Amino acid sequence: MKAINSMKLQFESRSVNESFARMAVSGFLLPLDPTIEEINDIKTAVSEAVTNSIIHGYKEKIGTIYISAFIYEGGKIVIKVKDKGKGIADIKKAMEPLFTTGDEDRSGLGFSVMSSVMDKVKVTSKPMLFTQVTMERRIGSKSV
Amino acid sequence: MFEIIKSNENELKILLTGEIDHHTTSELRPLVDKEILQTTPSILILDFSGVTFMDSSGVGLIMGRYRIMNEIGGIIHVVNIPSSLRHVMRVSGLNKLAQFDFEEEKI
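Chain order of the listed sequences is D and H.
Counting with this note's numbering, you get residues 1 to 144 for the letters of the first sequence.
Counting with this note's numbering, you get residues 1 to 107 for the letters of the second sequence.
Since the hints were derived computationally from the structure, they do not count as laboratory data.
Note that the structure is predicted; figures quoted are calculated from it, not measured.
Just so you know, even glycine gets a beta-carbon here, dropped at the ideal spot from N, CA and C.
Treat the hints with care, since some could be wrong.
Stated by the list, open to error - Sample of chain H residues facing chain D (criterion: CB under 10 Å; computed from the structure):
| no. | residue |
| --- | --- |
| 1 | 53 |
| 2 | 55 |
| 3 | 56 |
| 4 | 63 |
| 5 | 64 |
| 6 | 88 |
| 7 | 92 |
| 8 | 93 |
Same shape as in the complex, but just chain D (with noise of 0.2 Å):
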């Protein structure tokens, strides 16, 4: 399936930019009418990718973090978040709830929280060269 529009963004892993990275996403999907809700949903998906990128990706130092995101007939849309960071060894201990390897004030629910809003969520990364979140979902009915 071809997209009917794509975007594509980049920043630098500074936390200033979670609030930016958030509008700048929701902000691309606007034209498809989504609820307050959806739109909460999505800022919230990317709100946590971005942190994991922002914290663990790139450790606090300043990298850059890639966002693309793709509009498909139907309202499907698919969010892609990139850094070209540490990379994580074990994927599927990383999605554990609760599990996290920050410090005392993470609640190590990012991954849990992106699945809970978002109708898939894909992770692949390579260790010590990138980590890529693509997350899909509808915007209009979110299947249950």
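Given the coordinates of chain D, assemble chain H onto it according to the supplied hints.
Structure of chain H alone, referenced to chain D:
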């Protein structure tokens, strides 16, 4: 970001506003902790009525403050949670750690 509504040895009530994410919690955390350790209240009330967005960093914020309050023998109430945040809060199972009240004030 936040506003101290009440501060004495019984109760520390904090109103949170705006967006709660990794960026804002990293600024918020030391400020809230300073107030907790200065006041050593029996109850910490976190009022979320001003919050426009929150991701799981907010859950981490609550978890960390729960830990500190637990250390000083106190408890946490989380009040006025917008319905948009219930998702994140429920996924986290936080309601087992702290007293939760959705959208209406408990005290």
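Status of the hints after comparison with the structure:
no.	hint	in the structure
1	53	holds (6 Å)
2	55	holds (4 Å)
3	56	holds (4 Å)
4	63	holds (6 Å)
5	64	holds (4 Å)
6	88	holds (6 Å)
7	92	holds (5 Å)
8	93	holds (8 Å)
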